[in-house]
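> Throw the hints in and build the complete structure from the sequences for me.
Here are the chains, one letter per residue:
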Amino acid sequence: MTDGGDLGWWGVLIAVMGGAIRVSTPYLFVSLGETLTEKGGRVNLGLEGILVMGAMSGYGTAVVTGEPWLGVIVAGCAGSALALLHGLICNLTRVNDIAVGISLFIFGTGLAFFLGKPFINPSAPRLPHLELGAWSSYPQVRSALEINALFIIGVVLAFVLAWGLKNMKWGLILRTVGDSTEAATALGYNVNWVRTMGTVAGGFLSGVGGSFLSLYYPGTWNEGLSSGQGLMAVALVIFARWNPIYCFYVSLLFGGATALGPALQTVGITSNYYLYGAAPYFLTLGLLIYSSSTKHSLAGAPGEVSISR
Amino acid sequence: MTEKPAMATLPPPDVTVTDMTKRFGALVALDAVSVHFESGTFHALLGENGAGKSTLVKCLMGYYQADEGDISVNGVTQHVTNPRHAHHLGLGMVYQHFTLVPSMTVAENLVLGEEGLSSVINWKEHLEILEAFMQSMPFRLDLNRSVSNLAAGEKQKLEILKQLHLGSRFLILDEPTSVLTPDEADQILGLMRQLTDENRISVVMITHKLREVEAYANEVTVLRHGRLAGQGYVKDLTHADLIRMMIGNEKISKPAVRTKASRREIALEIRNLVVGNDKGLTAVSDASLQVKEGEIVGIAGVSGNGQTELVEALSGQRDEESGDIFVRGEKYGKTRSEMRDFGINMLPEDPLNNSCVREMSVAENLAIRIFDQPPTTYAGCLINRGAVRRHGRDLIERFRIKTQGPDARIETLSGGNVQRTVLARELAGDVEVLIVQNPCFGLDLNAVAEIRNRIMEARNGGATILLISEDLDEILELADRIIVMFEGHFVFETSRDKADVHEIGRHMASHI
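Protein chains in written order, with my numbering: chain A, 1 to 309; chain B, 1 to 512.
In case anyone wonders, no lab produced these hints; they're calculated from the structure.
Every value quoted in this text rests on a predicted model; they were computed, and no experiment measured them.
In this text, a Cβ means the ideal position worked out from N, Cα and C, and glycines have one as well.
Hints are not guaranteed to be accurate.
[What the hints assert, rightly or not] To give a feel for the contact side, a few chain A residues facing chain B, derived at Cβ under 10 angstroms:
(1) P139
(2) R142
(3) N167
[To be verified] In silico negatives: residues of chain A with every beta carbon more than 12 angstroms from chain B:
(4) I102
(5) M168
(6) G224
[As the list claims (entries may be wrong)] Which stretches of chain B does chain A cover? Using the computed rule of at least three CB atoms under 8 angstroms from a CB of chain A, they are:
(7) 75-85
(8) 103-109
(9) 128-140
The following block contains the structure:
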């Protein structure tokens, strides 16, 4: 066993936890976004495209202006714009949201690669982080406790969304529309408009999640930047039972799984690196099998979401 | 918070509809109908399915725009453009299909429709106001219960409470008793009548049940084929008058004759059947029953007490968790070959979705049970389309299915004709066991009589019939033995001779 610092196997655990915090951020944003979209009764499978588009536009903005936070906002807006496209197309009758989502996924990634070519080489300023580990003398602990600002915003947002869905007018309207079109129509709400807004809000958060990839970790822009976080977030939302706070916990779990390979590398286990790298995908499969049943439909699923019907 | 008109001071709206006409393409759904809904009365809109009752109130509520005619509220002509507008005028509608949000609580559902709801909801304040509102009502519900856990009668009450809470003083009830037990229906209609007598609200009730009109309404308007067929005070009209207005001069076929059955062997047996529902909860618990040849066993119960899951388990659409089904003493595994060998036929509810292939033609749907057998199949694998069409044409004629032809897609047929198509298919062959669920749902009186006759004929011919129905009158008319299903249990059983409506009704509502 090669030396992994003074901490041995503890080092792996700390690295996984630190990695979980670092890597979970895009999962968290994308899953919160998808929760909003699905609470309104639609599934947006185009989040992967939105994520990549957010990463590219955020990075490009940061390169040009030197202002990473402006990049985050631009990424969100780019995400909203793509989501708006999804929402508007789905407003047409007899349009399937899943099919539109898949085309948006391909369109978004393609567009991002096309527009992002000039930004592959220049480097952009990174987003700030908090050094919560300054007290420790171990470099592993210090690195694990580098908490990025977006993660903190995401955690706060998860709680705010959970509260808002129960205690705010938009929350009640969104849940009504997502649970029963009939009820919403009878109450005089414009179902398509509410769903479009849910999708746009979800797109904004997913775009922000994308900007994290290019502006913090890994912190560059290239075409292999995302490894399916946008798609996995859809599974994650199902496992989190459409609850923003559970989204936070499950994001940490997925983040930890993603960080497993690099963490094992720190203690010198380099064989099967790619197998460990596939941990999040195994986790996705496993969780979906675990949470499905032939006997009953998914508990907590909004009634109008096509995957729960 | 919203400003609601004080319940005690303002009289309920007085609404007049003048010469209202509504067309859907070539179909005239409503033909120059005029009605005056007087303030503070209980007004019944009576008619068969398709008579135009729903079209009339939907025009009134702004769901549809009438092609001709006027609506005036308290003497002022109004152009009602959408349901919101109707709400502002104090008009509210309680739908046949509940428009509650199942995942939310009673309180959330009540708050949802409030005008000018603030963007952050102060639950403490709202709960206090709702509690006070509940105290002022003749019936109450626990504010914190989730709607998905309410019984049908409670949901109906919540729908009415919701409209009253929103300030509606003119309530339209669309077939309000279709999902209620007789006692629940009496209770709710009695309370509505009480509120109208106190001049707190006006009520318009859409119904096809004469009994409810005679017992609760002050005034009645009868529609037939979109036209006004009669109007007047209920006290001035006899039962015969109402029937004549409702169906015109058409003759209704006589109720089927019940003959004495000779063979009396047990043909269908269910032993300790347990079936789950979509939520993973137990929908049918430990159900056992036996049905003899030449016998109709009727399963009564309010919708949602496990009937659908029971039928799905019998038809093979849902796996049972435990228990067994036997046909003529042999275990029944619900395969296609067993269905054919045992002569099992089914008419489930919502037949278009449960036992038809939408995209296929009427003839193809009629051949679903036999298409893989000679003469519709030759050389073991080739379909003889000519034979399928001939078979279809024959059944279309015998069962008088209204279709453009055997090649029309089944989804282009009306609900009643889809029902007839499936019944034709299931009764055409060798019927030994027949399982039917709500066979007459949504049909006009003549079609109802005809379908019931056919079921009775099958029984007289020695078939074993399990009839699952939410319509207690249908069960009382057809069944030899009646079982009541409540919350997944068979809670009560009685023979035809000893059946008592009120006793059955009580068991439909509770274990006791």
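> List in ascending order the numbers of the hints, as given earlier, that are violated by the structure.
1, 2, 5 and 9
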